[in-house]
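Protein chains in written order, with our numbering: chain B, 1 to 141; chain G, 1001 to 1165.
One should not assume that every hint holds.
[Unchecked claim] Computed Cβ-Cβ distance ranges for the label pairs, DEER-style:
hint : chain 1 : residue 1 : chain 2 : residue 2 : range
1    : G       : 1042      : B       : 58        : 37 to 47 Å
2    : B       : 3         : G       : 1125      : 33 to 43 Å
3    : B       : 3         : G       : 1129      : 32 to 42 Å
[Claimed, not checked] Which stretches of chain G does chain B cover? Using the computed rule of at least three CB atoms under 8 Å from a CB of chain B, they are:
hint : segment
4    : 1025-1037
5    : 1097-1103
[To be verified] Over the 10 Å line for every Cβ pair with chain B, so calculated as not near, a few chain G residues:
hint : residue
6    : 1014
7    : 1018
8    : 1022
9    : 1061
10   : 1086
11   : 1148
The hints are simulated quantities; they were obtained by calculation from the structure and are not laboratory data. Model, not experiment: these values are computed from the prediction. From the three backbone atoms N, C-alpha and C, an ideal C-beta is built for every residue, glycine too.
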Amino acid sequence: MSTYTPARLYATVVGAVLVIAGILGFFYNAKFSSDPAVRDDVLGILSVNGWHNVVHLATGLLGLALARTAAREYSLGLGVVYLVVAIWGFAIGSGESILSIIPVNTADNVLHLALGLAGLGAGLATARPATVRGDAAAAAR
Amino acid sequence: MSTASAARRAAAGGEPVLFLAAFSWAAAAVHAVVAVPHFEEFPLFGAAFVAVALAQGAWAVLAFRACDRRRLGAGIALNAGVLAVWAISRTAGLPIGPEPGEPEAVGLADLATGVDELALIVLAAALLRRHASARSDALGIWARQAALTVLIFCGVGLMVAGHTR
């Protein structure tokens, strides 16, 4: 039983959460529209539309698929994406939509910032596989 | 800081410390997100949420880098204090704020965060108890599954808090 690295933990937890959010979202709103009024609230509060659900589901499934094989790359990649989305969201302001399809507000932006920093931190704190092999070889000598 | 040295430090702390840091970061993220609506409602509450988020975020980084008895104790005290304030706000109501003395309703995000903080306290206390003796670098299979479940539950709470409009 292998232990978790920071990147594997990030890919597993964030992947699972995004898949749950994506699946739940489709039960409430599966419409693919750029109209910010076309959205519904999951459990009365999680505001989504079809595009938002697809983004959650796709990135979540990718995380679960890569958790054992390429967790470091996933963490760094998703971390950068979330940081860009957070900065983009802060720049356009609360109540606007990124690329006219993903509505964001200040709370969203803080959430994306936290997920981005966690992804980058987890990725940077996890050694590359080659480095691990190199360390093992050095230790064996 | 090279990634290799960071990874070695993480390996030195072991898997339990990694989960402790993750618990604390998840709680910090929820508090940072809910600080936004609280600023609009009552600025002092917003500032308090930011302070808690910064403290929990900083503790996550510090504990991950080097987890000693003092830091474990500080983590337990910090999260026990936050849990106590939350429990009062949901039962007797806080003495200050827009509705003093009125208990607030329990929501998914704050319940998930409370469970996450409780898990942090339990794990930190367990580590503290065996700190002087042999330390394991891996969690048992049930403890690991429970820790993952708590983190995912808190993550769903975070998504809900971050997408409220």
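Quiz prompt | Hints violated by the structure (numbers, ascending) | solution = 2, 3, 5, 6, 7, 8, 9 and 11
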